[in-house]
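S.K.: Next come the chains, spelled out residue by residue.
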Amino acid sequence: MLIPCPHCGTRPVEEFTFLGDAAPTRPTTSDPSSMEAWYEYVYLRNNPRGPIDEYAHHSGGCRAWLVVQRNTETHEVFGAVTARDFSKAKDAKA
Amino acid sequence: MRYNVFSLIRNSFSGHKNWEPAWRDPEPRKEYDIIIVGGGGHGLATAYYLAKEHGLKNIAVLEKGWLGSGNIGRNTTIIRSNYMLPGNNPFYEWSMKLWENLEQDFNFNAMVSQRGVLNLCHTDAQRDAFARRGNAMRIDGVDAELLDREAVREMYPFFDYENARFPIKGGLLQKRGGTVRHDAVAWGYARGADQRGVDIIQHCEVKGIKVENGKVVGVDTNKGFITCRKLGLATAGNSSETASMVGMRLPIESHVLQAFVSEGLKPYIDGVVTFGAGHFYVSQSDKGGLVFGGDIDGYNSYARRGNLPMVEHVIEAGVAMIPSLARVRVLRSWGGIMDMSMDGSPIIDKTHIQGLYLNAGWCYGGFKATPASGWCFAYTIARDEPHKLNAAYRLDRFRTGHMIDEKGQGATPNLH
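Chains as they are written, first to last, in the numbering used here: chain A, 1 to 94; chain B, 1 to 416.
Just so you know, the hints here were simulated from the structure itself, not pulled from any lab data.
By construction, the Cβ of each residue, glycine as well, lies at the ideal position given by its N, Cα and C atoms.
Please note that a few of the clues may not be correct.
[Stated by the list, open to error] Cβ pair distances, simulated, as ranges: (1) A/88 to B/287: 37 to 43 Å; (2) B/33 to A/79: 29 to 35 Å; (3) A/79 to B/241: 21 to 27 Å; (4) B/107 to A/79: 54 to 60 Å; (5) B/21 to A/51: 51 to 57 Å.
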């Protein structure tokens, strides 16, 4: 797999450390009433077969946190943006 | 027909042309009492024990591919019960005990070979951890021996004991661990289940699960709708997809794990050796090929094939431990899809839907668990309550904080 890093250009997969699905949203409170939201955020995953947005750290390169769009069934990589841009776009949608 | 020396002699006189098929290939009926989704090791074992231990009839196993086409055919065939935590060890030891009598039990040669599993340690701290693990195993009645460096050297003189990064300091040996002919496990369970009346239906993909008033009533398949009273899901690797048919989200990610086999060699490594610090383990098959593997690739995948960087990583680690491996040629590599659960431990439990049972989250360790998984899942389905051996493998343990965190690393799907 080759990942198009927005800073470094196309780089091989071994330079990246994957954190997993970028879909879960971290709860903004630690209030006990938010336990269910925390449980979902920490443990539950959609685990899609197909396209996924996932966090990847360019640990062997620019060390930026990215969000890579990839297909989990075919390993096709569609693109990558910085995690910052991904969050901004997500917030704008919400 | 039972397989024994007399049936072998009898059939040899007719040129081995009159052996009966080991199992039937039936069309599905409209209705079953119990349906198991997934005709791999765990699903077939579950059906076998449902029929044998609980005397139940009218059971079907639905398999979307061919029998044993999942991880039962894609693993590295190792069995062991060297776990530490109370929720794990009695379960895996029960699995080992079932392995020890499996061939007599289901009358099929699964080539169970208790050739010993040795975990290498490289630091004093790791040796302390192994001593602790070994003691925990012995408390549960499992065999464990802590070896010093010279004892390991006597077993395997050709390892690199003076490796600069990972000098070998000793190891933890479980002599009862070993290997099993993996496909034969699926075939033996399939034959045993079939003889007890279980319908094994291949190329029958479940497309949907029908629930009415909180109760399972049947499944939609490519061979039509089939009614059932109880439904067991044993689809590890694909559990999230299957569970999503009833709107459940699981604490599981699917990852790819690669394995490799070398060209055939003369007898070289007679046991199983793991080099955990370097992510490498190896054994030698009866055909002579070295069977080895390492860690998951590290990204979500359903692809059943990995990438080359992990191939390189595993082989580097192998050559670091056994320098003479450098001249061995690799024949094949393949990948299997693992249900990586969030604490590294499996799930065998009821669900919030009446009549729906879940067997999932096996991480790397599904093969060795096959007999006990089937045995416990059968018990859970038949009695509608978990056996005490799988009582800790609850689905809700992540919500309640009762995780079985064998590695002590908290919630990540990257655990063993």
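S.K.: Each hint needs a verdict: does it hold in this structure or not?
M.R.: Hints and how they fare:
The given range of 37 to 43 Å is broken by residue 88 of chain A and residue 287 of chain B, whose C-beta atoms sit roughly 56 Å from each other. The beta-carbon spacing between residue 33 of chain B and residue 79 of chain A, approximately 50 Å, falls outside the hinted interval of 29 to 35 Å. Distance hint check: the CB atoms of residue 79 of chain A and residue 241 of chain B are about 25 Å apart, consistent with the given range 21 to 27 Å. A hinted range of 54 to 60 Å holds for the C-beta pair residue 107 of chain B and residue 79 of chain A, which are about 56 Å apart.
Between residue 21 of chain B and residue 51 of chain A the Cβ separation comes to about 42 Å, which falls outside the hinted range of 51 to 57 Å.
Checked against the numbered hints given earlier, this structure breaks hints 1, 2, 5; the rest are met.
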